[in-house]
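On the provided structure of chain P, position chain H as indicated by the hints.
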Amino acid sequence: MLEVDISGKVGALEFQAQFESEGGVTSLFGQSGAGKTTLTNMIAGLVKPDRGRIALDGTVLFDAAKGINLPVQRRCIGHVFQDARLFPHLSVKSNLTYARWAGGRSGSRDFNEVVELLGLSTLLGRKPETLSGGEKQRVAIGRALLSDPHLLIMDEPLASLDQARRNDILPYLDRLCVDAGIPILYVSHSIEEVARLSSTLVILSEGRTPAYGPVAEMLTRTDLGRATGRHEAGALVHGNVTDIDANWGLTFVDIGGAALQIPDLPAEAGDTVRLRIRARDVALAVEPPKGLSIRNAFQARITSISEESGPYAEILCALEDQTIRARITRASVADLELYTGKEVTVLVKSVAIDRRQRNLV
Amino acid sequence: MDFFNLQPDEWQALTLTLRVAAAALLVTLPLAILVAYILARYRFPGHGFVNALVHLPLVLPPVVTGYVLLLTFGRKGPVGVFLDNLFGISFAFNWTGAALAASVMSFPLIVRPIRLSFEAVDPKLEDAARSLGAHRFVGFLTVTLPLALPGILGGAILGFAKAMGEFGATITFVSNIPGETRTLALALYTATQTPSGDLAAFRLTLIAVVVAFAALIASELLARRLQTRLGGGNA
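Just so you know, the sequences run in chain order P and H. With this note's numbering applied, the first sequence closes on residue 361, and no number is skipped along the way. With this note's numbering applied, the second sequence closes on residue 235, and no number is skipped along the way.
It should be emphasised that the hints constitute simulated quantities derived from the structure, not laboratory data. The beta carbon of each residue, even a glycine, is placed where N, CA and C say it ideally should be. Do not take every clue at face value.
Incomplete in silico selection of chain P near chain H, CB under 8 angstroms [to be verified]:
id, residue
1, 46
2, 73
3, 77
4, 81
5, 85
6, 88
7, 190
If we strip away everything but chain P, and leave its shape as in the complex, we get (with noise of 0.2 angstroms):
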């Protein structure tokens, strides 16, 4: 267990933050200049906040109040930064080996366990100017692995990539994030990476912690919209695959209550799955619609309806223990006399659920 609760200026930014999280992988989420860096820079020891108090696992690696400032190589915290930092002299292998050899560290972890888990054993007697970006940072990952970490931090492990890379590396980091068996720390500005790969999320804006919590419900408060992007807005449902059409390329989640029918989602029948449904691909109606292409349409009740200055209003509905949410116009809620614990259908385009917003669990 991770926490965290520290305060201090750092150059023009007055930073305070706070939060706990219990294991699993805790993202770390916030636009760019919010302070990510900075706050797993203090959670590694490489700065060092004014005040506060950071404990791992019951261990104090930092506190103000008792003169505790543990240097960073006896933190036991593997980090992934962001441009990887591997060792330009070593090899691949002495870089993935150097916690051992330089750094004292055990090495619990099977080396040919992680080499296999990250796709490494090409790699080995490669150096560091050869590989890909990619690879860069598979091997950064890898080395950090077998530091023997007590946390893992990752810091935007793939803002240094395009596109094409980061589909390369994601499955990856699906696997780790199951198979590590320790705690991570995922830092992102892409709600994207968060929605698929975290269980918890802290949310940073400005340098502060606004909020903290199980990542589905974090994705569904509108009050944090500022922080977590409009845009990019959506919300995170849990499902069952109950069925694949292979005729027509169709695979049927069942999200407690309602079906949805998603095209080509690599998945079979009895897996779980997230998804992630983007607000700006709900559509409301007041009453069943007919002769729609739309295939996804279920009942459920508003439970929120929040309204901006702007154009936009922000409506959460409820399926089951489930929230769907939808960002339609002001105007919309008016002639649609929607309020709050209304029955409505709720439209969404299976193609909007597209490959990159899905995750097996």
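Positioned in the frame of chain P, the structure of chain H alone reads:
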């Protein structure tokens, strides 16, 4: 054929020169690496002063440096007396004094390229090493130092060359004593001051050229090997 055989005094001057330069380099190099690293990585009050102090022998007339050494490390100098009384070490008028003079004179030339190469190594790599459990010093030894090796080699060659050719500070500090402080440069000077010393001077010049050439070729080979080890291609 006699022309190609070294005379005893020539041989003496050559071995003395190599000994002085090697001793100077051995003492100076670790200190230069330390000072270069501190100057490259840390900003502290007095940073500019230390930097100026290191470079002082480069801009002062060598005779001045030699005279200052004589005043401090000579028989009557405070440091000289102290070392003599306590450890029985004396730099006055022997080859260790020549090595000391060569050390001081070559120091700025060694520090400069090493400092530049330390500055070229990303300090973030040291953070990465520490995050993997390596103590600061271990990180320095395993990451920064190997990456700065070309610069260290360059500094060492420059320093060695300077130490071999050092003249002004040496003759001022420890005089020109055959077998003790008469290095190649001083022997050549002596020859030019002797009537009919032209041939001797010419022979000493040839020796200096040959030694310099050999050193340059050796360093070039070493640099090339380093390059293949540090940079490019599969290991």
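Hints, one by one, checked against the model:
1. 46: holds (5 angstroms)
2. 73: holds (5 angstroms)
3. 77: holds (7 angstroms)
4. 81: holds (7 angstroms)
5. 85: holds (4 angstroms)
6. 88: Because about 7 angstroms separates residue 88 of chain P from the closest Cβ in chain H, which is inside the 8 angstroms limit, the hint holds.
7. 190: At 23 angstroms from the nearest chain H Cβ, residue 190 of chain P fails the 8 angstroms test, so the hint is violated.
Hint compliance for this structure: hint 7 alone is broken.
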